[in-house]
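Asks: The residues making up each chain are set out below.
There are 2 protein chains.
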Amino acid sequence: MAIDVERDGPVPARRGRPSGPTGSVVARALRMLDAFGPGRPALSLSDLARHAGVPLSTAHRLVAELTGWGALERDETGRYRIGLRMWELGALAPRGHALREIALPFLEDLSHVTRENVQLAVREGGELVFLERLAGSGAVPVLTRVGSRFALTATGVGLVLLAHAAAELQEEVLAAPVDRYSRFTVTDPARLRRMLADVRRDGYSVSDRQVTEDALSVGAPVHGARGRVVAAVSLVVRHGSAAPRALAPLVRTTARGISRALGS
Amino acid sequence: MAIDVERDGPVPARRGRPSGPTGSVVARALRMLDAFGPGRPALSLSDLARHAGVPLSTAHRLVAELTGWGALERDETGRYRIGLRMWELGALAPRGHALREIALPFLEDLSHVTRENVQLAVREGGELVFLERLAGSGAVPVLTRVGSRFALTATGVGLVLLAHAAAELQEEVLAAPVDRYSRFTVTDPARLRRMLADVRRDGYSVSDRQVTEDALSVGAPVHGARGRVVAAVSLVVRHGSAAPRALAPLVRTTARGISRALGS
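Protein sequences, first through last, are from chains B and H. Counted from 1, the first sequence has number 64 at position 64 by the working numbering; the numbering is strictly sequential. Residues are numbered in the working numbering as their position in the second sequence, beginning at 1, plus a constant of 1000.
A couple of the hints might just be wrong.
From the structure, some residues in chain H lie toward chain B, with a derived Cβ separation under 7 Å [unchecked claim]:
| no. | residue |
| --- | --- |
| 1 | Val1025 |
| 2 | Ala1035 |
| 3 | Phe1036 |
| 4 | Trp1069 |
| 5 | Gly1078 |
| 6 | Arg1081 |
| 7 | Ile1082 |
| 8 | Trp1087 |
| 9 | Gly1090 |
| 10 | Glu1124 |
| 11 | Val1140 |
| 12 | Val1142 |
| 13 | Leu1143 |
If you only want the chain H side, here are some residues facing chain B, beta carbon under 7 Å, derived [claimed, not checked]:
| no. | residue |
| --- | --- |
| 14 | Ala1064 |
| 15 | Glu1065 |
| 16 | Leu1084 |
Just so you know, the hints here were simulated from the structure itself, not pulled from any lab data. Owing to the predicted nature of the structure, the values given are computational and were not obtained by experimental measurement. Backbone N, C-alpha and C define an ideal beta-carbon position, used for all residues, glycine too.
Input sequences plus hints: build the corresponding full structure.
Replies: Listed below in structure tokens is the structure:
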């Protein structure tokens, strides 16, 4: 499993923010695709033009190219949606579909045993992407959605992924304003730095009500074939129902099982 | 579920065939992505240049743009793979992930009851794409792979999708040479036209050893919210183990369940 890919570059620009008409024509076409997201599955031509920062005529031409290739499809209302061709190619991404397929049996075991929320995420630049979430019966509600992004600084999986990222990326993330989700969210860079050191020392992370005020999350790293941290697993339980120290061995065992299956 | 998308355009050029350095810069960048496939998950810069029909210097610049955006990632060997960003966006494709999620419980029911192969596919231009395949315990081996393409003329799902495509697309497909997979593959356009009429009349398709010589496949159409055929389901059993007429009600019931869940 080749999932030890290089994505340690600079923190990418936030998705979804309109940008000026800069960059090459390829960059503009790709920026149009960035307009789509879990909360924005269908967009009009003028939405796309606005997002890419190009005139309507340019947008029309770029959308025609993207639609012709299959990156976009027109729905019955005339709006555009992500096309099947993106799904086809996306299924080839080693860090998406393939990693999830390998991890799934281990995640299911953890879910069966605990009946709590189990999550799998990878880092993409200065954010994380959730690859899977199994909701335990009666588990605490969580904000996670498969395929959606989240800050690295708040969740159990995020703290693991950030703790094992390159030092420069950690500094970039900590130098930027840290998003707050609850009154327990840690936003002080110095305190976050100490938490990241703890994650590396202890082999697991603890996010105590930092995302929602009733949830505790414990995360552990998944290692790829070359030993690098390529993903993170977490167990999210109701705050007060269990101590992080009691959950850590369960999450770490699951993460090690997945690492072994990846050839670590 | 907005899966009634417009993809009734001309039959697209075969993927994977090298083309000359024609088309816009966006078309060339997209053509590079077409070089990837289930059997070709990792490619070098020169592979990509060759596939897109551009000089190495142009390929270098395009690959840098695609990698910067996240469409490609470099692996530990220096080769390129499909990036996580494609998986993220692909998860938004209504005809991919979302349709599969809705259909999965119905497919699982059919698989549990029959212990045979169950398949789900959609049409993409003049080919089909498999969205799911559940392999029954001890079921006959099939060539299907999720995310891969196949001819519309041979399989049970393909015959259903072709039978319900626009007349112009049917004629384009039948005018082109029809791929042969076994000595039972029907390649005569007149006979295929009669088979498609039977599919529309009977509500199910029969592919009798047309793909592999030991398999019989029976397919049925899935209708979207606006009544159009948006996908097809099939049951693939060992030839001689059951009559198509006996399998058809099972497959049709499953397809109707999915259609109902889609709001048909």
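Asks: Work down the list of hints and note, for each, if the structure agrees.
Replies: Hint check:
1. Val1025: holds (5 Å)
2. Ala1035: Not OK, violated: alanine 1035 of chain H not within 7 Å of chain B, min 10 Å.
3. Phe1036: holds (6 Å)
4. Trp1069: Constraint on tryptophan 1069 of chain H satisfied, holds at 4 Å.
5. Gly1078: With a closest approach of 9 Å, the glycine 1078 of chain H hint is violated.
6. Arg1081: Hint on arginine 1081 of chain H: holds, closest Cβ of chain B at ~5 Å, below 7 Å.
7. Ile1082: holds (4 Å)
8. Trp1087: holds (3 Å)
9. Gly1090: holds (3 Å)
10. Glu1124: Check passed: Cβ of glutamate 1124 of chain H comes within 5 Å of chain B, closer than 7 Å.
11. Val1140: With a closest approach of 23 Å, the valine 1140 of chain H hint is violated.
12. Val1142: violated (18 Å)
13. Leu1143: Violated, because the Cβ-Cβ distance from leucine 1143 of chain H to chain B comes to roughly 17 Å (cut-off 7 Å).
14. Ala1064: violated (10 Å)
15. Glu1065: Since the shortest Cβ distance to chain B is 5 Å, the answer is holds.
16. Leu1084: holds (5 Å)
Of the numbered hints stated above, those contradicted by the structure are hints 2, 5, 11, 12, 13, 14, listed in ascending order.
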